[in-house]
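Participant: Residue numbers (my numbering), protein chains in the order written: chain A, 1 to 255; chain B, 1 to 302; chain C, 1 to 361.
Hints are supplied without guarantee of correctness; some may be wrong.
[Claimed, not checked] Listed next, the stretches of chain A that the computed footprint assigns to chain B, with coverage defined by at least 3 CB atoms under 8 Å from CB atoms of chain B: (1) 68 to 79; (2) 102 to 112; (3) 115 to 121; (4) 213 to 220; (5) 237 to 249.
[What the hints assert, rightly or not] A short list of chain B residues far from chain A (calculated; beta carbon distances all over 12 Å): (6) T69; (7) G171; (8) L207.
[What the hints assert, rightly or not] So these bits of chain B aren't anywhere near chain A, every CB distance computed over 12 Å: (9) W68; (10) E71; (11) D78; (12) R87; (13) E162; (14) R165; (15) Y200; (16) M205; (17) R252; (18) V294.
Derived from the structure by calculation, the hints contain no laboratory data. Nothing here was measured: the structure is a model prediction, and the numbers come from that model. No residue lacks a Cβ here, since even glycine has one placed at the ideal position from N, Cα and C.
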Amino acid sequence: MSRRCLWIYVVLGYLFLYLPIAVLVVFSFNASRFNVNWEGFTLAWYAKLLTNANILAAAKNSLIIATVTTVLSTILGTGLALGMHRNSSVLGRLTELFVYVPVIVPETVMGISLLAFFVLTNIELGVTSVIISHVAFCAPFVALIVQARLEGFDDSLVEAALDLGATEWQALFRVTLPIAAPGIVAGALLAFTMSLDDFIVTFFTAGPGSTTLPLYIFSMVKFGVSPEINALCTVLLVVSATAIVAYDKLVRIRD
Amino acid sequence: MAVFPQLRRQRSKREEPIGEIPGGQRHRAILLMPGMIWLVIFSILPLALVVVYSFASRGTYGGIEFKWTLENYARLADRLYLAILWRSFLFAFATTVLCLVLGYPMAYAIASSPEPRKNRLLLLIVVPFWTNFLIRTYAWIIILRGQGLINGLLMHLGLISEPLRMLYTPGAVLLGFVYNWLPFMILPLYASLEKIDRSYIEAAMDLGAQGRYVLTKVILPLSLPGIAAGCVLVFIPALAMFAIPDLLGGARTMLVGNLIKNQFLSARNWPFGSAASVFLIVAMLLALFIYRHVLQRAQGHG
Amino acid sequence: MVKLESVSKMFGDFLAVDNLSMDVAEGEFLTLLGPSGCGKTTTLRLIAGFEQPTSGNVYIGNKMVNDVPPYRRDVNTVFQNYALFPHLTVYENIAFGLRLRRLDPSTIDERVRWALKLVKLDNLGERKPRQLSGGQQQRVALARALVCHPKVLLLDEPLGALDLKMRKAMQIELKSLQRRLGVTFIYVTHDQEEALAMSDRIAVMNAGIVHQLDTAAAIYEYPKTRFVADFIGEANLLQARVSEITADTVWAEVNGHRLPCARREGLRPDQAIWIMVRPENIRVLPVSSQEAPAPSEKTAVVKGVLREVVYLGATLKAITDINPGLTITAARLSSSSVVSIPTDSEVQLHWPSSAGHILTE
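Take the sequences, apply the hints, and build the full model.
Facilitator: Below, the structure is given as structure tokens:
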């Protein structure tokens, strides 16, 4: 394949990735309710979003769940990473195995297993059960990211801290955690995004009062096409694209 | 655990072996305990529960009866369900192959771009990677449906008089799958292609190798770890996906993910749904096993 | 100040330190010298508290510290790779230990400035470690340890990462610093020159065992084992047998040559021994030379063929083959007459019998 063919191909590839999204965004500004024809520019659908109590409730649920999930999974995941780091004991290896389980088990299976578990243990399906489930798959991702950051960590730094009079806990808070901080921040951002974004596990573990944005979008989309969904999707697209670009900039500045 | 060997820990290099810092082991146990307890209760136990349920029987009102049986697995071998399993495999497999074929040239082009452009191209792959798949699936509904963009365009041009049926077909599901997972394939491919030392390619050229030869004998084998990782990242979730077939497919695109979902939510036959889930887990382990095998061979090469 | 009492350390099946005992005096500069994997770093880590002995006891200042964690020991360490905290400035690195001791801010500031001055880095307090050169980082590590006023400073190959010139300069500086502060130094290195240049006493280690613990001169001139003789400087080691013991000479037989050696107690006739002769004690003369002394109780003489003369700058090495199957190396100043002897010609080697040092292990 010559250079030029390759680049034509790549441009087509990016068009494939972005055209559907572009269509969605364009039609969110279309005055027509029936999408196909362009009947003029409007922001009406965005205005409607702001008055839709269901959407606002779902957004609120999503944010609450994502925030609590982020805090919990960052703490638990960082603990897991620190505990696994160069830990060749049985417990250390078992932890590593368990951390990979939620990463590789298909989300559908994870969702139904948690559903079965909550029903068996009489835990009511709602915001709490969703948070529990989200932490169960977000904490391992945080752990893996922090662990990757610790991979290049020089263990003699901890020894130096102990040598200078720090207890193990003081060494943890004054040396290890500050050095692992970029990894922890990256892990927290990932947890927040994954929780906000999750549909499948949430689908099985949410209750009547805990509809999240992805669940709401799913039910709307199942019901049919409407410019309001376009508007909602566009808002979410802008949010996630901004977050990614900001994160990318942040990471590059740190490097 | 060697599922992801590239993540395996490395011992720091020292001339003499080093023991644990006194108290370090206890210290670590304390650190990982909260996370471990959470994982055991909310990830390992539920999965174990599913395995147990898969051998139980369905009660009269959709409950669980702990009468042990293999019937749930036997039922998976019914023609009806076998067809679903086979179809799921075909969809996942076709998705993986299509993503690989479509993604490889893109990953290669990105990896061989000069620095500032490379990052921008990569970012453009990451953005869809991080947008909700429901949104991306919904975009295709707008395009494919009866009064959708394509049909509207074709009718407007007078090429067709009746809308074509594109939505709610197997083809739509496959399209949705490929669209959804293409970035998941491109990213690991890019990562492994980017790592290939330019000097290998130059060395091959220097030894008189032609373009095609360099591609098949140098670049392709060296990017095998990325190919394997990308395939796993696409194949496993594609096998279990139910939402995209729900939105883009019709009755003929019932996949094992939909089967499981239905058994748990509408049919309320949890033991049978559990058996199907165990089947998925086994398939996943099999895929990982093959992945490891490929990776080990690839590392043996390079 | 530091005492090890039959200390052993096992890592799984691997015996890193084998029944080691030593006593380090207050204010002493003691070096643990040995090849890679000889147990010197493990010994240091046992004193620092990063390892616990499998058996035996470690004492610091008369207190048994086997179960005392590193942070409660009155010792500080300069690490091989410096282990400077990358997220802290030079100033904060040095203040680290003081802050943990909860000293008041003005005392901390005063002591950090003292330490910065001590290692001549007064102006670099606000830099991050990665903005410093290797030599500067080394000084920060030193200041960070010394600012805590430890009773004992442990140094693990602290100069290993520096280039030769910098290393030589730092050797002198470290030694004078140690003398000035009067702190006990325990220094680990595999570089014998470094050990000889700085130490009051050297412990030569191999395979977890201390072969000899003595002053630099004693170790060089009177090595106790073949390992020490060979590891420190260059040595001709000749396998021999005691043939006769007289009032002040031991006659040894080496492949048919009878050589007088320095007197040593505890030998018996026919005992298997080794003779060590340092190359610089051996003179090389043409076989016809009139200068050559006759063989006697005071002088060992052997004849051989000059195989090679290697020029090394200030000195040169003359390698002589001696029948049957012996090679002896002599080191002479480059200005010596050896240069005028053609290779492959017959020569005679001689050295005072006092330079022939007998080894039994």
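Participant: So, for every hint listed, does it hold in this structure?
Facilitator: Now for the hints, and whether the structure bears them out:
As drawn, the segment 68 to 79 of chain A meets chain B at 4 residues by the rule of a beta-carbon pair under 8 Å; at three or more, the given contact holds. A stretch counts as covered by a chain when three or more of its residues have a beta carbon under 8 Å from one of that chain; for the segment 102 to 112 of chain A and chain B the count is 9, and the coverage holds. For the segment 115 to 121 of chain A, the stated coverage by chain B holds: 4 residues have a C-beta nearer than 8 Å to a C-beta of that chain, and at least 3 were required. Counting residues of the segment 213 to 220 of chain A whose CB falls under 8 Å from any CB of chain B gives 3; the rule of at least 3 is met.
Residues of the segment 237 to 249 of chain A with a Cβ under 8 Å from some Cβ of chain B number 7, which satisfies the need for three, so the listed coverage holds. The Cβ of B/T69 lies farther than 12 Å from every Cβ of chain A, with a closest approach of about 18 Å, so its non-interface assignment holds. For B/G171, the requirement that its beta carbon stay farther than 12 Å from each beta carbon of chain A is met, with the minimum near 15 Å. Look at B/L207: its CB is around 21 Å from the nearest CB on chain A, clear of 12 Å, so calling it non-interface holds up.
At roughly 17 Å from the closest C-beta of chain A, the C-beta of B/W68 stays outside 12 Å, upholding its exclusion from the interface. No beta-carbon of chain A comes within 12 Å of the beta-carbon of B/E71; the shortest separation is about 19 Å. Here B/D78 stays apart from chain A, with its beta-carbon at least about 20 Å from theirs, past the 12 Å limit. Taking the minimum C-beta to C-beta distance to chain A, about 16 Å, the non-interface status of B/R87 holds against the 12 Å cut.
With a minimum CB-CB distance of about 15 Å to chain A, B/E162 clears the 12 Å threshold, and the non-interface call stands. For B/R165, the requirement that its beta carbon stay farther than 12 Å from each beta carbon of chain A is met, with the minimum near 16 Å. Distance to chain A confirms B/Y200 as a non-interface residue, since its nearest Cβ pair spans about 19 Å, more than 12 Å. Its beta-carbon lying about 15 Å from the closest one in chain A, B/M205 satisfies the requirement of being farther than 12 Å from that chain.
Non-interface call for B/R252 relative to chain A: holds, since the shortest CB-CB distance, roughly 18 Å, exceeds 12 Å. Once the 12 Å rule is applied to beta carbons, B/V294 is consistent with being away from chain A; the minimum gap is 16 Å.
Violated hints: none; the structure is consistent with every hint.
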